[in-house]
Each structure stands twice: as C-alpha cells, then as structure tokens.
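Okay, here's what each chain looks like letter by letter:
There are 2 protein chains.
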Amino acid sequence: MAKGNDQYVQNITPQSEDFSRWYIDVIQKADLMDYAPVRGCIVFKPDGYELWEACQRELDRRFKETGHRNAYFPLFIPESFFEKEKEHVEGFNPELPWVTEAGGEKLEERLAVRPTSETVIGHMYARWIQSYRDLPVKINQWANVVRWEKRTLPFLRTSEFLWQEGHTAHATAEEAESETRMILDLYTDFVEGVLAIPVYRGQKTPSEKFAGAVHTYSIEAMMKDGKALQAGTSHYMGQNFAKGFDIQYLDRDNTLKHVFTTSWGVSTRILGAIIMVHGDDRGLALPPLIAPKQVVIIPIGPKKERDRVVAHAAALHQQLADRNIRVTMDDREDLSPGWKFNEYEMRGIPVRLEIGPRDMEKGQVVLVRRDTGEKLFVPEGELTERLPRLLEEIQHNMFDKAKKFRDDHSHVAHSMEELTHIVRDQKGFALAGWCGDEVCEKAVKEQAGATSRNIPFDPPETLSTCVSCGKSAAHSVWFAKAY
Amino acid sequence: MAKGNDQYVQNITPQSEDFSRWYIDVIQKADLMDYAPVRGCIVFKPDGYELWEACQRELDRRFKETGHRNAYFPLFIPESFFEKEKEHVEGFNPELPWVTEAGGEKLEERLAVRPTSETVIGHMYARWIQSYRDLPVKINQWANVVRWEKRTLPFLRTSEFLWQEGHTAHATAEEAESETRMILDLYTDFVEGVLAIPVYRGQKTPSEKFAGAVHTYSIEAMMKDGKALQAGTSHYMGQNFAKGFDIQYLDRDNTLKHVFTTSWGVSTRILGAIIMVHGDDRGLALPPLIAPKQVVIIPIGPKKERDRVVAHAAALHQQLADRNIRVTMDDREDLSPGWKFNEYEMRGIPVRLEIGPRDMEKGQVVLVRRDTGEKLFVPEGELTERLPRLLEEIQHNMFDKAKKFRDDHSHVAHSMEELTHIVRDQKGFALAGWCGDEVCEKAVKEQAGATSRNIPFDPPETLSTCVSCGKSAAHSVWFAKAY
Ligand SMILES: [Zn+2]
Ligand SMILES: [Zn+2]
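Residue numbers (my numbering), protein chains in the order written: chain S, 295 to 777; chain L, 295 to 777.
If we strip away everything but chain S, and leave its shape as in the complex, we get (with noise of 0.2 Å):
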C-alpha cells in the first residue's frame, strides 16, 4: 500500500518545484477539465462543472435572499451599443470576438459576443425603467462571457468563461453604492465562510477599476505560490451608463432623473482559487461546505469477508446520507484501498471512512481527515453525531491554515527595495504607501512586477510615505503579482 501510494504522488509534480506545472498536474488528474479544440476555450468536465454547480447554489441563494432575481439577456450585442460609454468600449474593444455572418448572408451590423452585459442591460433598463415606482431593479444573469484572451490559463483566464452577473438600478447614489458594498460582504461571507479562503476586502485604484466604473471593490486571495487572484469584484457605475443608455425615472417630484446603477461578478476563475488556496503535494482539497462529496467510505478487507464488510458500509451510506451528509462508496473490487486512498485524497475529499472485519469486531469506523491527514477510531454509534462536527472542524481548520498562509506571507514595504523582496523573494503581498499617481503604481510594476491589488477598506498598518515617489501616500495599498 505505501508503495502505490509514494508512485501516485509522484505523478504530480511537488509545489515547491514548478507551481504552475503542479496547478495543470492537479487539474487533469482531478479529471476536472480538458483543453477545447477552440484557442484559449477549456471544456468543463463533471467533477470541475459539478464544483461550479456548487459554487452557483451557495451564490444563488444568497441573491435571492437578498432580493435579486434571475433573468437572461442576449448573447450578442450589436456593435453600436459599444460606443455608448466610452471607458467601456476602449477596456472591452480590444477583446471582443465579432459575428460578421449569419444565416448564409454579412450582417449590416457586426454582432460581439458578450464580454460582460452592461450595454445590452443598459439597454433594456431604459425601457423597463419609467417611473420611481420601478426601482430600484435588481438582477442577475447566469450566463457564459467570451474574451479573447492571448494568454490563457485553466479556470483563471479563458476566452471563454461562465459567471454570474449582476446588475441592478437604483434611484439615489446612496442606495447604489449601499448596494456595491452589500454585494461585497455577500461575496466575502461565500468566499470566506464557503470556500475557506480568506480575503482582503478594499477598492481598486482608478487604473484597475472596471471599464466605466465610477469606482470598482474587490476581493483579493492569495494562492499558495504568493500570488494575487481577484476573487469577486462589484461596482458603483454612479450615472454613466445610465446617461450613455438613457435610464431615467419620473421621480416624486416630476422631473426626469438618471439612475444610478451597480454591477458585480463572480466566476469560474474561483475554481482555481480554491484549487490554489487549499490543494498540496497530494492533488486537491475541498472544504466540506462546497465539496460536492464530503465523505467516501472504502470498505476493507479479504475477499472472504466482503460480502459482510460492504454490506455493513452501505447500511454506514444509507445512515450518513440520510443526515443529509454528501457520502460516497467505492466498494470496487478490482482496486486496491491503496490506490482508493490516493485517488481520493488526489481528489480533495474531506474525509475518508474506512471499515474492515477488525473495525466491526471492535463497533468502530476509521476517519481519515484530508486537511491533515489525522487518523480519527469513532464508536460506530457516535459516527452521526461526530462526523458533522468533524466536516466543520476540518472547514475551519482549513480557512485558518489559509489565512495563516496568506498572513505570515503578507508584509509592509517601506521601499521600492523591501517591495521588490516582499514579492519576488518572499513571493507575498506587500502593503505599501502610494501617493495616488499612476505613474507610481506603473513604477511598481516595471520595478517589482507587481500590481496594485486593492486598497483595503481595514490596513493592518498605515503608511505615510508613497513607496515610488516618497511624496505623502494618499493611501496603503496591496500589491502583489496576480492571476
């Protein structure tokens, strides 16, 4: 057993060696995705669809908790539209991908294929939107976005990706901008309470806001290799597609106003952040509240005894999942616990139940604990009381160990110098001051090959001195090489 054991770990390549050949190494054997014949374009498969599925129910709940609705907007978006706000056609102009035929003739007007949904939303708001009484509007499209991208990576940067996104029209800045933050302690609470990663909440300098944005929030994560991967973002558009599309509202007082709206987004690049955050040397690990299985029992033993053991570990499945525990068995003959245990382990199951003649002799289970690797002996009878509790230890363990990672691998630079180390060296985060000139952040770029992260609403510290120019810092900022 420890043989097979040792061979399949080395199938995939260590972190500490290559990283990025690590990420593709857990990817594929996880049988979570696989290349498309299309550039750039990724197929997902069922294990990795069913995580996105996951992921969808917890989001989708919550929007509707905090009254949102569902809708469906068109795939196309005729060119026109993007010249109605101009920051937007400038972020999105150099990616789209143009339908120029249809049906056997050239279209009049070339078609993109949405990158995001703001114009046609745009759109469709100026005609839904007559009165005070319509707002505020909030909506949200499951749906699938094409960029071009000429670097792309598994989950994190595809050409085309699937997302949520939502847009909503409100009556008063206050309100829309109440909205933003809103959005953006939903997405802290799913990404943080859910996937157990933890984040760093703050706004976007002006340089990396959304395209059309009056400001853009976001949320940041560290993977394991030190680098920023932006998690959810959500923005405050104040009144600039509302004038670009023409949403206005009869208001109380008579007279036509502008709306105010919002739009945020979360997608399937968070797949790699929890691959990131939580996998090691032995392939993936999924937190039990987002693992579509938290528990799979491997029934053990000689052959003549496998009648009785597999029957007693189906009673042990039928008594998990009626607690409403996601439980799985493999009870294959052919395959030996040995490779049972890594490919589990490879695919990032919570927890491992073993049962043979010898744990039935003694009444008890074997619990094998995927965060850290812990061999728990449970009285048969204390099982459905104690694994739950065991699914939301591990949970948390799992979010501490992260936020311990990110932390201890989190520091304030005072220099150009100490930035450069912090990130390249230390391959971490670096708070720093900034002045507020983009000059300086394109500094810290060229010089650090770091980017802004986000301006965190809570610094840790608070720096006098812009980390480029040395003039006063208008702001603490993070800065980090990213996804």
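Note that these hints are calculated values from the structure, not bench results.
Check before you lean on any hint, since a few could be wrong.
Taking lysine-lysine pairs in the BS3-like style, the calculated list, with each CA pair at most 27 Å apart, reads [to be verified]: (1) L:Lys-432 <-> S:Lys-634; (2) L:Lys-358 <-> S:Lys-358; (3) S:Lys-323 <-> L:Lys-323; (4) L:Lys-400 <-> S:Lys-400; (5) L:Lys-721 <-> L:Lys-521; (6) L:Lys-432 <-> S:Lys-323; (7) L:Lys-551 <-> L:Lys-323; (8) S:Lys-378 <-> L:Lys-400; (9) L:Lys-400 <-> S:Lys-444; (10) S:Lys-587 <-> L:Lys-358; (11) S:Lys-400 <-> L:Lys-380; (12) S:Lys-378 <-> S:Lys-358.
Using the hints provided, position chain L with the ligands relative to the given structure of chain S.
Quick look at chain L with the ligands alone, frame taken from chain S:
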C-alpha cells in the same frame, strides 16, 4: 370590483379572436419576456426565467437520478467540425452565425456559434473514450444555442435559446437505443406529470428527424389553437458521429470498436407550450407543480381593520411556507383587491387566498381556484391539510382538461380531404395512414399545410391505406400544423 375586472381582461385579445395576438398579449402582460435589440432574440425577464429555472430543477434532478452528470463545452465550434457528419452540416449550415474576427484579428478558421454540440462533444469523447471501461459516458449540458431563424416567435422560435442537451456514448446499439427510449420516458414524465401537458409519443419520419440521427423520437403536444409543438426529442445516432469523429474503444475482446451515441434536448420553447396549453382569456394558468408561486394571499377589508387583517394574513403566510407551499402575499395598500385578483389570475397563480375581517370572525379563509374559478370557504384549522390536496387536485384537473381538449381535437383521417378538414377547419391533429414515401408526406404538407408530427408508439387506430397515394400504409402518422 367587477368593473375593474372586466376592464383588465379587455387588455388581452381573446383566444377565439386571434390566438397569436392573445399569446403575445399574455407573455407581455405577464412580464415573461421582452424583445432584445438583436434580430430574433428575446430577453427572459425574471418571471419568465423563473419558470425556466423551475423546469431546469425538475429535469436536472431526473437526469442525475438516472446517472447523468452535467458538464460544459465551448460555445464556438471550428468550421471543419461540421464537415465530419454530412447530414449534420446540411441540416445546420444555413442557420449558423459565424465569428470571423476576434481580438482585433481575422481568424484563420471561422468559428460557428453552436447550434447544438454533437460535433464538439464528439471530438472530446474521442479523446476521453479509450476502453470499454470508459463506457457508458452520460453527460448533460445546460447551455445557450443559436440558430439564425428567419421567422421568430417568443419562446417558440428564437435565434438564441436556452436548453439542455444530453449526449451519451455506449458500447452497444441496444444500450444506446434503450437510453434514447428511457429519456423519452423521462421527458414524458416531466411534461405530463409536472407541466400537465399530455403528449403523443412516437418516432419522427426520416424527413423530420435530427440532422445526423438514425432516428428521432419525439413527444408532441397540442396547443389550444390545435397546432402541434414538439416538446422534447431524443435521438439515436447509431455510429454516425462515432465514425465522423473517430470515437473508438478497445473492447474486452481486444478489438477497436466505434461507440453508439445518443442526444436529446428540451428547450425554452417548452415555456410556450405551458402558456398555450393552459392559458385562457384571463391570462396565464400555471400547473401547481411548476408554478414558482402556488398561492397568493390577498388581505381584504376597510382601512381601519387593515393592520389586524394583514398581521393575520402574515401568520397564515408563515404557516403555509413552513409546509413548503410556495406562497406569496400582496398587501400593498394603493391597489384594490379587484385589481389584485385580476393581476394574479393573469399571472396564472393556481390558488388565491382571500382573508378579511368577516372571514376572521368566522375562522375561515376563501380559496379561489385559477383553473375553475371555484370559490371554497375553508376553516382555518383545515387549511394546511386542505391546501396541498387542492393543489394536487388542480394539477390533475389541468392535465385532464388539456387531455380532453387534445383528444376532442384528434381525429382519424381516411382521405386527404378529411385530413385537410381536420387540420384547417377543426383545428386539430389528424391520424392518417402513410406508405412511407416522402412524396406523400410532402403532398400532405402542400395540400393541407400539415407536417408529420410522429409515428405514435400506440396509435389509437391502425390505418391500412396511405392518405395520399392510396397504397398500403406502412405507418399511422400524426399530422398537424406545427410551431
Ligand atoms: Zn508616488
Ligand atoms: Zn403514399
């Protein structure tokens, strides 16, 4: 109240006057959709999308229970893929939109926006399937697809629509064929059991089958104007796609064999069927099992009693929600009860619950059925027990009513004259004998304006002569005008 009532109904064109106009009136008034700024595309507004979400939940559960898993394949399909299955390319080429430019450059190979995913899935299956151990593969995809239609109609025929497409691969023809039939049963169970729409089950004639299939099964529903709507299809592909895309497996006997594939789909056109089978001159009527809201509570009474009544209604609301009844309440002050009655009848909510001060004194509530208009006075103590039974009764009654309508409008045609009379004047389905020659099928189309719907598994009668040429009939076929 009676006045507001009549006034409201006047806004919907009666079905008897102009069925098409009625349909558009209803879907717009019930706020299910709006026209998009792209030719032939619509926006699924929240109430329309919610109905699709309800369909998705019901279907998705059934797919998973029968061993299917969801995945996601790319939106774009390289042009060369379409050449690999001859019938398929001929069937879909005229309807394809083409992406010819992306990321600022002209593409070397044009990319079609998927009209269906057999080709790209065939390509992936060829990579994934190597051994008999890899079979069967049973995958479903929820996706948007595009077919550039010349004449469009909301939900029923739009250039972009939403659907699920199942794609399976099997070792034997028998297994694939049995999958195709099992899915048709699953669709029947959903459409008849949940949507309360009776269907004729059968096989498509060769000229009406899916482009590339060996044969296609369908379920056909009758709309209230006597026209047919294909509510779901299940295709047996034989080895056509396996050969086109080289999907081979090494069998137990150590020889390479092509797999047998199937595909099957239900799309958002099913929403059109729900509307056109159950709707009436008052608007939508939703079967309880699919209705996003099953009961609407409307508190009634003079202003001074308002608070007391609303508080009581809110308690009832909670009571019903606790029993998993999908309930909503409208306690808006500025709208009259009469307006609300019409509004929710128009939106098709199966049961209205009225409660006023006098009802409270009597310890009763008033229930009004959407399907029959019947008023029931129910003691409050019996409500949580009576209501689920009532919803069940409404569900069955709606199916029975639809079935009676369909049966009353289904007739046997022994001659082309009879067939034409049935389809044109009686506005219904005609069962007729058919020799199997495409020429005769075309003759029916030209003379009666009807297409063959399917060759039913259990025809109510077996006809011996072809309705067109008078030769011996090979099949009894349902003919009808169709959406
Ligand atoms: Zn500076
Ligand atoms: Zn004939």
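(Q) Checking each numbered hint in turn, tell me which of them this model violates, lowest number first. (A) 3, 7, 12
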